[in-house]
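Asker: In case you want the letters, here they are:
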Amino acid sequence: MKKHAIFCLLYLISGFLHLTAQTQFITRNGKATFFSRAPLENIEASNQQVLSILDTQKGEIAVSMLMKAFKFEKALMEEHFNENYVESAKYPKASFKGVIKNLNAINFTKDGKYTANVQGEINIHGKSKLITTTGTVTIKEHKITIDSKFNLTVKDFEIKIPKLLIDNIAETVEVTLHLAYEPHKP
Amino acid sequence: MTSINSKFILLTLLIFFLGSISLKAQDDLLKELDKEQDTQKDFVSATFKGTRLINGHSVETKKKKELDFLISHRFGTLNSGFDDLFGLDASNIRLALEYGVTDFINLGVGRSSFEKNYDGFLKVRVLRQSQGAKSMPISLTAFASVVIKTLKSTDPEADESFSDRMFYSYQLLLARKFNERLSLQLMPTLIHRNQVPAQTLDNDIFALGVGGRFKFTKRMSLNLEYYYQFNDIIQGVNQNVLAIGIDIETGGHVFQLQFTNAQAMIEKGFIAETTGDFFEGDIHFGFNISRTFQLGKSSKKTKAINNE
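Protein sequences, first through last, are from chains A and B.
For the first sequence, the residue numbers in our numbering are 1 to 186.
For the second sequence, the residue numbers in our numbering are 1001 to 1308.
Calculated directly from the structure, the hints in this document are not laboratory data.
Quick reminder that beta carbons are idealized off the backbone N, C-alpha and C, glycines included.
Just to be clear, a hint being listed does not mean it is correct.
Unchecked claim - Using C-beta positions, here's what the derived DEER-type ranges look like: (1) Ser128/A to Leu1107/B: 44 to 50 Å; (2) Ser1130/B to Ser128/A: 26 to 32 Å; (3) Phe1279/B to Gly126/A: 44 to 50 Å.
Okay, chain B solo, but in the shape it has when bound:
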């Protein structure tokens, strides 16, 4: 009799317990749904508006099947005076195409009028900043580029082989979007040049870039970028490159207007070969215009359809 009794008590308690749980669940339907949702991982998007911070790359990559046409200009220096209309007469251009092979792998090619440089690059997103379960504090993108300089040397005696004209750049781009307005980025950089202009110069250049953006409206932001170079500066040859710019976004376009002491628009140029001094007025006005074309359905959409 006692064993039946205790089983009965146990069962009763259990059922009562279950009943009280169900009772709790009825409180507020929306709160109940909140519980379901909180476990989802949330990736941070749009750390920067464009794939360029100003001169250099940002952690952003084009999404799968997006093709970006990028037109960049740097005019002459502001201190060239009225005769050159503060640099507007002298202009150099870089035209480039960048393509999203996947959301995380980008390929790009470009041609600069400055030194008639051809460049190709690979950009790979390694980490994405995220919130929620297993969050990640930063985004990390790796960047590598090859440049071939095709401008003939002014020295008729010079006999430059093809490999003498090659340059390599490697960067790690680390960024964090602190809030909707502020994003900061660090860019450790290595540049290798097969041939140097003078024997005393190093073939490998190490530099560290810092930069960031402050969004002051939904579609505009103020950007800053500075690269500190560890090699040539010591020998008094080059200058560190500073850039200050504004991003304006309008639908499929991103306009970037900037002031910088660099003339080149590729890494080996603006990091390793800038000679102008920003604070002496050797400032180039310039702009980047990017236009994005969607060449097919984005990967996520296709996935969503497959799930159905």
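The shape of chain A in the complex, shown without the other chains:
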């Protein structure tokens, strides 16, 4: 019986650990777009292969994407984006790691729309920056979706725009994120 007691205990512990793991949600096809409005041309690009993990218990969120997966309207823009601006060969990924500051205000088990205040570190072009932004968390039939829109200043990430092209590329670009999560089964 002693043995049984030990196994029961192990069972309980492992079960508990297993349950906590259920609080992780993942997306492999999140969408990120950026929009640059400049006097000569508007540039828009979108990435449909954004990876993200959300831990609803700890309130942690991580986002990662390959810069090369951004698709542009013009093939040449895409080449210049990768070659001259974000230097994708040297810095292949952009990432974000942050926490939801008002985790208590969000009930992940109840349908509804919640505003999440997110604070974290964004890394683009090998440079990190602390940002605070908001996102809309939508819970519908146990599905979690996060939408966010924020502005990034190109200069903050040491991405240089030549003077000659200052009318083609905006100094501040608008970033939109759409992440629809599924339960993460490791």
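Once you have looked at the hints, place chain B on chain A.
Answerer: Frame of chain A; chain B shown alone:
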């Protein structure tokens, strides 16, 4: 009793095992994402800035629905002296249009003032250098062109038929981008001319080109290109062609400035008919300017929309 007991132990172990896996996964969310990403294949892009290395083609092709307008000039030789302002008075030009039928198939047409040549070519990307799963060490592009020479012969007796004026060039372009700065290319070449200027000359010319670029800033690179010819050189008729140039890229334009001993800007000309000797000062200054127009949405974008 024992069988129930062992099943219970097995189940417990299994659940505990699963539990410990989940525990591991919680370490660092970003690291967890890295694991998801590493399996993706990554194609190498921009081995060269333009579709030309200097005189000859590079492995690069225009993307789908891109139209490239290419203006090339070669001036007279530098050793022609001050009277000709080091060759600036004598100039020949080639105007060309190149179009991306797909990302991998390009068609082009051109007209050179030199010998009043009309040329058409087909360029097909066969292999793309890539990293990651099933990586490929090199890029390979196949090139074929037809040239029709329309300059009338100076000999009034000569009776050249249409086919006598035709030339064919075939190239395999093999390139590797070693790093962000250095790319090298090999170009085995076959040129066939239906008619040769003298009977002792071969109709088929074999040549091997080597070249490369070294990027010294993000938008500028130093290029070198050399074609070694296996036929006519032996007979002392022609010279091997050497070219040294600089690429400057500004948005939709690529400017290429070069010094070369070739006067022609098409393969059959600069590989098989160059007579100037680079080291004797028979050097032509020249430039290529390319302007790319996007005639519709690029293929990738359309695909992305369809996926939605």
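Asker: A separate judgement is required for each hint: does it hold in the structure or not?
Answerer: Going down the list of hints, with the structure as the test:
no.	hint	in the structure
1	Ser128/A to Leu1107/B: 44 to 50 Å	holds, 46 Å
2	Ser1130/B to Ser128/A: 26 to 32 Å	holds, 29 Å
3	Phe1279/B to Gly126/A: 44 to 50 Å	holds, 45 Å
The structure meets every hint from the earlier list without exception.
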